[in-house]
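Counting from 1, position 69 in the sequence shown corresponds to residue 69 in my numbering; the numbering is continuous, with no gaps.
Hints are computed from structural coordinates only; laboratory data are not their basis. Some clues are possibly wrong.
Straight line, CA to CA, 20 Å or less: simulated EDC-like cross-link-like pairs of lysine to aspartate or glutamate [to be verified]: (1) Lys74 x Glu126; (2) Lys99 x Glu126; (3) Lys175 x Glu126; (4) Lys129 x Glu146; (5) Lys74 x Glu190; (6) Lys175 x Glu190.
Computed spacing ranges between beta-carbons, pair by pair [to be verified]: (7) Met35 x Ala86: 18 to 26 Å; (8) Ala162 x Ala63: 23 to 31 Å; (9) Met35 x Gly116: 41 to 49 Å; (10) Asn139 x Ala204: 49 to 57 Å.
The C-beta atom is built at its ideal place from N, Cα and C for all residues, glycine as well.
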Amino acid sequence: MNTVLQHRRPHRAEPKAVSSETFSSLINLAGRQRMLSQRIILNAILATQQHEEAVGVAQQALALFETSHGELTKGNATLPGVFFPALQAIYFGEQLADKRIRAFILQARSAIEALGTQAAITLVEELGKQATPLVNLLNQITQVYEAEARQHAHTQQKEQRALMGNIQQIAKQAKIVSVNAQIMAARAGEAGKEFSVVAGVLTAITGELDELIVSAMKSAQR
Numbered sequence: 001m002n003t004v005l006q007h008r009r010p011h012r013a014e015p016k017a018v019s020s021e022t023f024s025s026l027i028n029l030a031g032r033q034r035m036l037s038q039r040i041i042l043n044a045i046l047a048t049q050q051h052e053e054a055v056g057v058a059q060q061a062l063a064l065f066e067t068s069h070g071e072l073t074k075g076n077a078t079l080p081g082v083f084f085p086a087l088q089a090i091y092f093g094e095q096l097a098d099k100r101i102r103a104f105i106l107q108a109r110s111a112i113e114a115l116g117t118q119a120a121i122t123l124v125e126e127l128g129k130q131a132t133p134l135v136n137l138l139n140q141i142t143q144v145y146e147a148e149a150r151q152h153a154h155t156q157q158k159e160q161r162a163l164m165g166n167i168q169q170i171a172k173q174a175k176i177v178s179v180n181a182q183i184m185a186a187r188a189g190e191a192g193k194e195f196s197v198v199a200g201v202l203t204a205i206t207g208e209l210d211e212l213i214v215s216a217m218k219s220a221q222r
C-alpha cells in the first residue's frame with residue numbers, strides 16, 4: 001500500500017528553521033495541488049465521454065497529486081513536512097485535511113480504474129462533487145503556508161534590524177576608542193607615531209562599518 005494512504009497517527013509539529021526559498025517551494029507545491037485536483041476530475045469526466053487521452057492525463061495528475069501530498073505532509077530531502085502548529089492544525093486537527101485528501105485520492109483512483117465499465121459514470125459523478133470543497137480546502141492550506149511565510153519574513157527582518165543595531169553600538173564604541181587613541185598618540189609625539197597609524201586604520205574600519213550598517217538597515221526595511 002502506498003505510504004501516503006496508510007493510516008498514521010498525527011505527529012506533533014515541531015517548528016523548524018527554514019529558508020525563504022523553502023517557503024516559496026512549499027507555497028508553489030500547495031498551489032499546484034489545486035490545479036492537479038481539478039485536472040484529475042476534468043479528465044476523468046472527459047474519459048467517460050470517450051476522450052482516450054484523458055485517461056492517461058488523469059492517471060498522471062493523480063500520481064503527481066499523491067506524491068506532492070506526501071512531500072507536503074511527510075517531507076523529503078529538501079522539504080520539512082508538517083513543521084509548524086498551524087499546519088498541524090489544518091492537516092490533523094478539526095479540518096482533517098490529510099484524511100480528506102487521502103480519501104479523495106482513493107476515490108479518484110477507484111473512478112479512474114473503473115473507466116470503461118458501467119460503474120464509471122456514477123463514480124466519476126461522485127468524484128465531481130468533490131471539486132469545490134476540495135479546492136476550498138487546498139486554498140486554505142495554501143493560505144496557511146502564505147501566512148507563516150509572511151510571519152517568517154517579518155521575524156527575520158526584526159532579528160536583522162536588532163543585529164544591525166548591536167553592531168552599530170559596537171562600531172560607535174570602537175570609533176570612540178580610535179579617537180581617544182589618536183589623541184593619545186598625538187600627545188606621545190614621535191613615540192606615538194606607530195600607534196597613530198594603528199588608530200587611523202581603526203578609524204577607517206569603523207567608517208566603512210558604518211556605511212555597511214546603513215546599507216544593511218535600508219535593505220532590511222524594504
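Tell me the hint numbers this structure goes against, listed in increasing order. 1, 3, 4, 5, 6, 8 and 9
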